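*Asks:* In case you want the letters, here they are:
Protein chains: 4
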Amino acid sequence: CYSVPDRGSFPGMDALLARVVVPLPTYETRDKAPPPPESNSVEFMHFYRSLEKEDKVDFLTKLSEDYGVDHKNLSELAVKLLDTQIRDLATILQVEDRLRYSLTPRYKQLLGHISRVEGGVKFLVDLRADLLEIIASKASESPHIRDLNGTLKSMLSEWFSVGLLRLERITWMSPCEILQKISHCTAGSVETLTEHGPSARYEAVHPVRNWSDLKRRVGPYRRCYAFTHAAMPGEPLVVLHVALTEDISDNIQSIVREFATLDSEEDVNKINAAIFYSISSTQAGLQGVELGNYLIKRVVRELQRQRGWRVLRHGWRAVSEFPHVSQFSSLSPIPGFSSWLQGLLSQYRKEGRGLDLLSEAEWREVERATGSPPGTPALDALRRLLGTGEWTRSERLCGVLEPVLMRLCAWYLYGEKRRGYALNPVANFHLQNGATMWRLNWRADSSPRGVANSCGIMVNYRYFLSETPRNGAAYLQNKVVSASEQVTGLVSQFQKNSKL
Amino acid sequence: CYSVPDRGSFPGMDALLARVVVPLPTYETRDKAPPPPESNSVEFMHFYRSLEKEDKVDFLTKLSEDYGVDHKNLSELAVKLLDTQIRDLATILQVEDRLRYSLTPRYKQLLGHISRVEGGVKFLVDLRADLLEIIASKASESPHIRDLNGTLKSMLSEWFSVGLLRLERITWMSPCEILQKISHCTAGSVETLTEHGPSARYEAVHPVRNWSDLKRRVGPYRRCYAFTHAAMPGEPLVVLHVALTEDISDNIQSIVREFATLDSEEDVNKINAAIFYSISSTQAGLQGVELGNYLIKRVVRELQRQRGWRVLRHGWRAVSEFPHVSQFSSLSPIPGFSSWLQGLLSQYRKEGRGLDLLSEAEWREVERATGSPPGTPALDALRRLLGTGEWTRSERLCGVLEPVLMRLCAWYLYGEKRRGYALNPVANFHLQNGATMWRLNWRADSSPRGVANSCGIMVNYRYFLSETPRNGAAYLQNKVVSASEQVTGLVSQFQKNSKL
Amino acid sequence: CYSVPDRGSFPGMDALLARVVVPLPTYETRDKAPPPPESNSVEFMHFYRSLEKEDKVDFLTKLSEDYGVDHKNLSELAVKLLDTQIRDLATILQVEDRLRYSLTPRYKQLLGHISRVEGGVKFLVDLRADLLEIIASKASESPHIRDLNGTLKSMLSEWFSVGLLRLERITWMSPCEILQKISHCTAGSVETLTEHGPSARYEAVHPVRNWSDLKRRVGPYRRCYAFTHAAMPGEPLVVLHVALTEDISDNIQSIVREFATLDSEEDVNKINAAIFYSISSTQAGLQGVELGNYLIKRVVRELQRQRGWRVLRHGWRAVSEFPHVSQFSSLSPIPGFSSWLQGLLSQYRKEGRGLDLLSEAEWREVERATGSPPGTPALDALRRLLGTGEWTRSERLCGVLEPVLMRLCAWYLYGEKRRGYALNPVANFHLQNGATMWRLNWRADSSPRGVANSCGIMVNYRYFLSETPRNGAAYLQNKVVSASEQVTGLVSQFQKNSKL
Amino acid sequence: CYSVPDRGSFPGMDALLARVVVPLPTYETRDKAPPPPESNSVEFMHFYRSLEKEDKVDFLTKLSEDYGVDHKNLSELAVKLLDTQIRDLATILQVEDRLRYSLTPRYKQLLGHISRVEGGVKFLVDLRADLLEIIASKASESPHIRDLNGTLKSMLSEWFSVGLLRLERITWMSPCEILQKISHCTAGSVETLTEHGPSARYEAVHPVRNWSDLKRRVGPYRRCYAFTHAAMPGEPLVVLHVALTEDISDNIQSIVREFATLDSEEDVNKINAAIFYSISSTQAGLQGVELGNYLIKRVVRELQRQRGWRVLRHGWRAVSEFPHVSQFSSLSPIPGFSSWLQGLLSQYRKEGRGLDLLSEAEWREVERATGSPPGTPALDALRRLLGTGEWTRSERLCGVLEPVLMRLCAWYLYGEKRRGYALNPVANFHLQNGATMWRLNWRADSSPRGVANSCGIMVNYRYFLSETPRNGAAYLQNKVVSASEQVTGLVSQFQKNSKL
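Chains as they are written, first to last, in the numbering used here: chain A, 344 to 843; chain B, 344 to 843; chain C, 344 to 843; chain D, 344 to 843.
One or more hints might be untrue.
One copy or two, either will do: identical chains are not told apart, so a pair holds if it fits within one copy or between any two.
[Unchecked claim] For lysine-lysine, the following DSS-like pairs were computed, each having C-alpha atoms within a straight-line distance of at most 27 Å: (1) 496 to 423; (2) 451 to 481; (3) 693 to 640; (4) 496 to 465; (5) 423 to 481; (6) 640 to 451; (7) 640 to 481; (8) 415 to 405; (9) 405 to 451; (10) 640 to 465; (11) 760 to 822; (12) 524 to 558.
These aren't lab readings, by the way, just hints derived from the structure by calculation.
Keep in mind the model is a prediction, meaning the values are calculated, not measured.
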């Protein structure tokens with residue numbers, strides 16, 4: 344019922360699957376069974392890659408349905424397990440182990456073999472990206488497809504567990520191969536919690552435009568770190584850009600367009616804060632495999648490390664860098680704020696409650712600045728202004744709108760939820776990591792994009808290192824958001840002024 | 344009943360375990376649960392390392408017994424599974440997934456977290472070595488300990504799956520750090536099939552003695568390859584030594600003591616064969632995790648690769664090396680032959696059948712050469728001679744014994760079995776890989792050790808590349824040994840002459 | 344009389360020079376004298392760098408005049424030498440050695456010390472670039488400045504002698520630092536023989552425009568080599584771009600705009616020729632220090648090397664690449680041809696001999712194609728057409744002009760001389776190296792720049808390896824140009840048709 | 344008259360020289376002349392290498408005599424120079440430049456070309472080692488040979504000038520290739536001032552015996568640095584071993600036999616002093632080319648560097664290491680003290696002044712300890728004891744001899760001179776560098792070798808960084824030795840007690 348019945352299967356699909364997805368060995372021979380020939384994996388990979396999009400849906404559906412768990416065998420074991428409950432522990436343990444084995448989908452074995460072939464891990468990461476898209480686009484709603492996705496995700500989580508990741512610092516001396524990928528992925532995305540689905544990503548703040556931009560990001564007072572993985576050499580998986588500053592930055596242009604210090608030596612005494620101003624993931628297929636948060640933690644440790652020497656690949660290296668760095672914070676975009684705001688304005692207008700959003704005095708200012716009559720016309724003028732970004736050109740309007748937008752934005756970040764967690768994916772990401780929603784910054788991103796996405800507002804999620812574990816747990820377990828007084832103050836103002 | 348009741352537990356053991364082995368998250372929150380603090384893992388590692396041997400047994404027993412699977416919960420799910428059999432597939436799949444999750448021992452989560460800590464993977468590899476020793480030495484016979492061992496093995500198998508391994512060629516330009524480890528491990532061992540247990544290893548043929556020996560092993564006409572793993576940097580896991588020769592070598596001294604070509608350039612036209620003359624593993628805790636056979640396969644591919652260029656870490660490198668290499672073979676020791684032979688002689692003597700082993704003519708020769716009267720005295724003389732290695736000093740005796748020892752050895756390798764597989768662990772290893780038992784070589788290892796272990800005989804397991812998959816499968820599934828005419832001829836002679 | 348009298352010296356100049364350019368030690372103590380403090384060199388470098396352009400002229404003039412050879416002491420030694428002619432050889436040798444020492448300018452010692460300071464060699468290379476510009480621009484005509492230039496050049500020649508240069512292959516895995524420099528310098532220049540002066544360079548054919556262009560130049564079927572020097576790490580000095588092709592290329596776009604093979608593996612059987620399509624130097628101050636020719640020779644050797652293995656920095660590497668490459672050639676621009684041609688047309692017009700350049704039939708064609716009346720109007724029309732590059736848009740005009748421009752160009756390259764050597768600096772460069780002027784290619788560079796510089800014509804200088812030493816010597820000693828029949832044929836046509 | 348007349352020249356020598364040592368180009372064509380074919384250099388190198396020792400003497404004599412300066416041409420230029428003295432400066436400068444050119448020995452050009460061939464620089468370094476041996480052994484006393492040596496030395500000095508040297512830190516991660524060479528050369532030598540001749544070297548204190556010794560020298564609390572040169576890749580030229588200690592070491596065994604900290608992390612707070620405990624050169628042919636002193640200075644700078652980051656080959660590296668290191672000192676052997684002492688005793692005995700060396704009380708002690716009668720027998724007993732090292736076994740004798748040997752040794756180091764400079768080559772080396780003779784250490788080297796060479800005494804030459812330039816100059820120019828009060832005190836005691 345989940346497959347697409349009205350079109351014939353791609354020729355050879357069934358034959359291929361039957362040939363390459365060999366049965367699991369019996370429980371007794373599971374350790375001794377010779378692995379199937381590597382050509383099985385290679386054949387599977389070639390075949391899959393040659394398929395069109397729709398055929399891929401067919402193919403994966405077939406694979407997940409026909410080569411999953413042997414339900415019958417499983418039931419029998421369950422019966423047996425229940426029978427043995429009276430027996431000795433050794434027997435119980437053994438039946439449990441058999442049960443565990445019988446829960447292995449037949450295709451899991453194939454996926455494991457594929458991971459061992461050259462380029463196999465990358466293939467599986469890309470296959471998972473396909474699965475996520477199939478699920479998100481509802482191209483298939485088969486529970487088996489979801490099962491396959493779950494199996495693959497748990498395998499990838501094993502392979503990409505942090506012990507196997509390698510932290511690499513990217514510098515201007517790194518291979519061009521790597522830097523080009525960094526350059527591309529800064530127009531990329533960061534993964535967020537699984538439940539938000541694969542589309543919940545945010546674009547990096549500012550795409551890299553040229554050699555100078557790129558050089559700036561790896562030059563003095565900047566750090567660029569990436570996780571790479573042995574099975575995907577030369578592929579950065581998550582990339583974190585850090586600025587080393589005197590104070591916690593409140594403006595992104597001062598970071599990415601600051602070329603004055605490009606050729607200077609770093610003065611360690613001027614470095615008090617580490618600002619994470621961009622984090623992006625490059626592999627859609629690793630969604631839900633936690634990498635970004637681990638990368639932030641690793642980098643914090645790297646920047647903090649005590650003096651000492653460690654053996655690295657090419658000799659010894661001093662690992663203590665910055666004795667004075669005591670402040671860690673992101674400078675993060677707020678994707679979705681503008682469209683949320685437009686939605687809110689529309690809805691309020693429809694409901695005839697548009698005037699509730701601003702105070703009377705504020706409406707007076709808006710009317711004066713836009714020259715529109717009070718009431719709905721002023722509301723419409725406001726919507727238009729926000730839609731075009733035109734308001735930024737008038738000092739006066741900026742002055743009027745600053746308190747309004749700041750408190751709305753604070754609410755959007757702090758108060759808007761989805762299943763109890765922050766609606767905004769970037770907020771959700773940092774709150775999970777234990778950060779505090781610390782400071783909203785007005786005129787923090789004056790680029791057209793920044794204005795269009797979030798009215799130029801950006802936010803610092805600050806990492807108070809001694810509190811992050813506790814904060815993270817409180818957020819994840821009890822949905823408690825840690826926020827500063829500035830943020831909660833703005834939220835209060837919002838609650839006072841706006842009758843949401 | 345498995346623990347050691349008469350001595351108090353190491354103080355703090357229970358408290359520590361209760362604290363660091365946190366309960367599994369519920370099935371619903373399993374993906375969202377924040378990981379426990381890293382300090383749990385670190386604390387566990389420090390504690391364990393500080394324990395004496397006996398306390399380790401206690402500790403691991405406790406861990407495996409008290410923090411395993413929740414049997415009760417499991418039973419309930421099993422009941423539920425059986426109840427749902429009439430329901431829709433989606434529900435079944437979900438219950439199965441819950442069942443699968445409930446089969447996770449609580450300690451497994453901790454092991455996973457440890458693997459993410461710096462040095463954690465190495466810690467777990469060493470922990471497994473302890474477990475294997477506990478099991479082998481029967482220091483504990485708890486089925487839980489065996490379960491823990493199985494869980495850990497399957498985790499290690501994931502982490503050390505071939506896609507995550509990195510083939511490194513070791514040269515004289517490699518870091519001393521690595522070469523020293525190679526130098527030590529050539530006095531090491533190779534893992535063999537699990538069922539033979541952790542003690543079934545073979546010593547490398549010739550330990551490296553000094554700079555020159557080592558340089559010889561990485562110089563011209565030699566290759567040294569190792570697998571390394573991202574999570575254990577700088578640690579070669581398995582090491583394979585290859586000699587590039589004109590013909591398939593029949594003598595180990597001609598490989599390890601050949602210094603004539605040490606400073607010459609390789610003449611590619613003189614290279615027709617690749618001889619694997621030493622393979623050794625360095626990590627006892629990876630026993631049963633197949634690495635050696637993969638290493639051989641990877642190296643064969645490396646040596647055979649088509650012309651072309653590949654991007655490597657430090658630039659491009661030509662990857663085709665040897666157009667003429669068409670013969671691949673090991674030159675392997677035969678550990679255990681001498682002791683098997685002594686055992687045989689003892690047993691035959693006891694059973695009064697000693698004379699059955701040699702033909703009458705052969706006995707005449709032995710009597711003449713040893714000056715002993717016929718019958719038991721001759722048998723005893725023979726035993727003594729073989730025990731001391733003295734026979735090698737007499738040309739005459741050598742001539743007499745060659746056919747005898749060769750056919751006995753052929754039988755030992757080909758005919759002696761354990762559960763249907765070759766008793767000799769090296770034979771078993773290569774036969775599993777699909778090699779053919781190709782040629783027994785007389786006077787192949789004239790070192791005292793070679794004489795003591797296997798009367799100086801060595802054997803080539805030859806890799807006919809087009810046949811190895813078939814051979815391997817036939818051996819593993821049907822216990823069929825692929826052998827050359829020389830070997831089967833010797834076996835026939837044995838069967839004709841000896842009445843075993 | 345060489346200094347600039349009407350403006351006061353930069354303050355402190357004299358004092359500084361007196362302080363840092365210490366006197367030479369006496370002949371007797373020359374080996375034992377302690378070196379002056381490094382701070383002298385550093386002070387000199389800082390001071391010089393802080394000067395404005397005109398002050399630099401002053402400064403260098405002063406340095407060269409006041410801190411040169413001690414002429415008086417020298418004369419005395421010359422007298423002594425003449426006196427000793429009757430004495431024994433040992434004495435003569437000693438006086439000669441003293442004479443040699445007394446010919447050392449005092450500033451030479453300082454230059455030597457500067458070279459030992461970090462960044463010193465680069466400083467001196469840049470200082471020499473200043474000297475060359477001063478001489479070329481006649482900012483100073485002091486013979487001492489020329490002497491200083493000569494001294495510095497001979498020192499640089501020692502330091503940049505080929506034994507100290509390191510050939511590096513640049514790939515996409517090379518540091519971005521290097522690739523960016525390559526990218527910039529391909530808009531650079533190649534040094535030519537000294538007598539042509541520092542302005543006689545040619546621009547690289549096609550500047551690199553972006554990542555793709557750059558990646559193309561280091562990808563499959565391309566090689567990029569550079570010389571680097573230990574004293575200027577990370578600075579490529581001369582860069583050679585090579586295309587590996589089936590035939591000798593006759594078109595530059597087919598090399599730099601060919602992206603089809605960018606992701607393919609090289610097929611060694613399709614590689615028969617190595618085309619040097621760009622060579623550029625990055626250091627103006629190394630003018631006259633031969634690097635480019637050595638680079639070509641080294642690269643030829645690299646591409647030709649016999650099979651074998653060599654120890655490199657990171658292990659062993661196969662050094663034989665291309666068994667089939669038997670053809671080596673440049674594909675070179677012809678800078679200056681268009682302006683030479685315009686000059687020729689102007690001059691002929693002035694002298695009323697304009698019609699001599701084309702045959703009558705050719706003039707008919709030009710008249711028809713341009714619609715201009717015969718005689719001077721046709722000549723003017725031709726000049727205008729060539730000046731704008733407009734002619735390339737008319738198939739007809741192209742047809743008419745091809746034979747004309749090809750024979751004029753052949754003459755320009757082959758027949759136009761300066762002090763007996765080829766006027767065209769690129770021709771001069773390759774002829775010195777022993778290349779043969781092999782083939783002129785019509786429509787070889789259809790870029791606006793190619794049309795503007797040389798009417799789209801390019802030329803192959805071919806390296807017949809067995810003949811290059813002889814050719815080079817014949818050219819340098821006897822000014823004989825080695826040329827193919829195509830070229831000499833075109834030259835004959837020119838001589839028949841044009842009455843120069 | 345300098346050549347060896349009674350044996351025929353090696354066949355082909357003359358012909359070869361005539362062929363490969365081509366005449367210098369004329370002054371006018373010196374920049375444009377094509378270089379002779381590389382094969383000349385290669386032929387020369389092969390030929391020379393094939394010669395026996397004696398033939399080499401012949402060959403080099405011939406080369407230096409027959410292919411030196413053109414004396415006649417030189418005289419003519421000298422006459423011309425004197426004639427031009429009345430003329431303008433430009434002319435004078437030009438004649439001087441011609442004169443300079445005419446002073447170039449013909450063979451110098453060949454040596455230059457050889458340096459450009461692969462392996463050429465190493466060839467010339469080895470050639471110079473031959474020359475030094477010929478001169479030292481008086482195998483030839485030709486002034487031309489000395490001239491050739493001088494020319495080659497000045498060329499090598501250019502090529503090995505510090506700007507071209509590369510400081511490399513050697514660690515356990517360095518290639519085995521390098522570490523093996525380090526291991527060998529620690530049984531090597533350090534260069535000293537030229538006038539002491541090539542034999543004036545000192546053996547490194549303790550030869551490296553095995554992996555552990557070597558690992559100790561590159562492990563924690565130790566540093567090992569070497570200069571390498573681009574033209575001789577993989578060859579360390581001078582090697583400096585440094586121990587990082589709490590106090591200035593007074594004992595060599597505590598450095599080279601201290602394995603306790605081998606696996607510990609360095610505690611930077613325990614590092615107050617850097618002790619140079621071994622410096623050795625590996626290239627006999629670079630004698631007189633200052634490398635050792637530059638290496639010490641570079642390493643001091645490396646250890647002292649201010650915080651900051653520098654781009655290195657493989658990324659960025661922190662370059663500040665040790666904030667607390669404020670003491671720099673050698674711990675040096677005193678080669679030659681024992682033999683000087685034996686010579687002194689012999690001479691005094693001969694002159695009947697033996698008793699002058701010790702005070703009466705001291706003689707009493709010696710008599711008592713040795714049981715010999717006073718006078719000459721006691722003197723002889725003392726000589727014998729010192730000759731065998733037997734005295735070290737008697738606590739009593741040690742007590743008696745300590746003050747005696749310490750003051751004699753202080754005198755040997757401080758007072759014994761050769762041409763006004765310290766006779767002891769190690770002292771001379773460090774005093775030139777500006778070090779202070781700081782402390783004599785009793786029982787500093789208790790190895791048999793240490794006792795045999797210098798009665799177990801070692802000395803610290805301390806580098807007070809602010810004073811080293813002044814000290815070095817004072818020593819080199821005025822022969823003033825900087826010494827501590829301990830040393831001068833011992834010297835006074837010597838002068839008071841001994842009537843030398």
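*Asks:* Are the hints correct? Go through all of them and say.
*Replies:* Going through the hints against the structure:
Within a single copy, residue 496 and residue 423 get their C-alpha atoms only as close as 30 Å, which misses the 27 Å cut-off; across copies the closest is 26 Å, which meets it. Proximity of residue 451 and residue 481 under a CA criterion of 27 Å is satisfied intra-copy only: 23 Å inside one chain copy versus 35 Å between copies. For a Cα distance limit of 27 Å, the shortest separation of residue 693 from residue 640 qualifies neither inside one copy, at 46 Å, nor across copies, at 70 Å. In this assembly of identical chains, the alpha carbons of residue 496 and residue 465 lie at most 27 Å apart whether taken from the same copy (13 Å) or from different copies (25 Å).
Proximity of residue 423 to residue 481 under the C-alpha cut-off of 27 Å is found in neither arrangement, the shortest distances being 39 Å within a copy and 30 Å between copies. For a Cα distance limit of 27 Å, the shortest separation of residue 640 from residue 451 across copies, 23 Å, qualifies, whereas the shortest one inside one copy, 32 Å, does not. Taking the shortest Cα distances, residue 640 and residue 481 never come within 27 Å of each other, neither inside one copy (35 Å) nor across copies (42 Å). Within a single copy, residue 415 and residue 405 get their C-alpha atoms as close as 19 Å, which meets the 27 Å cut-off; across copies the closest is 35 Å, which misses it.
For the identical chains of this complex, residue 405 and residue 451 are intra-copy neighbours only, at 14 Å inside a copy versus 32 Å across copies, given an alpha-carbon limit of 27 Å. In this homomeric assembly, residue 640 and residue 465 come within 27 Å of each other (Cα to Cα) both inside a single copy, at 25 Å, and across copies, at 21 Å. When the C-alpha separation of residue 760 and residue 822 is checked against a cutoff of 27 Å, the pair qualifies only within one copy, where the shortest distance is 10 Å, while the shortest distance between copies is 63 Å. In this homomeric assembly, residue 524 and residue 558 come within 27 Å of each other (Cα to Cα) both inside a single copy, at 14 Å, and across copies, at 13 Å.
In summary, the structure is inconsistent with hints 3, 5 and 7 from the numbered list given earlier, while agreeing with the others.
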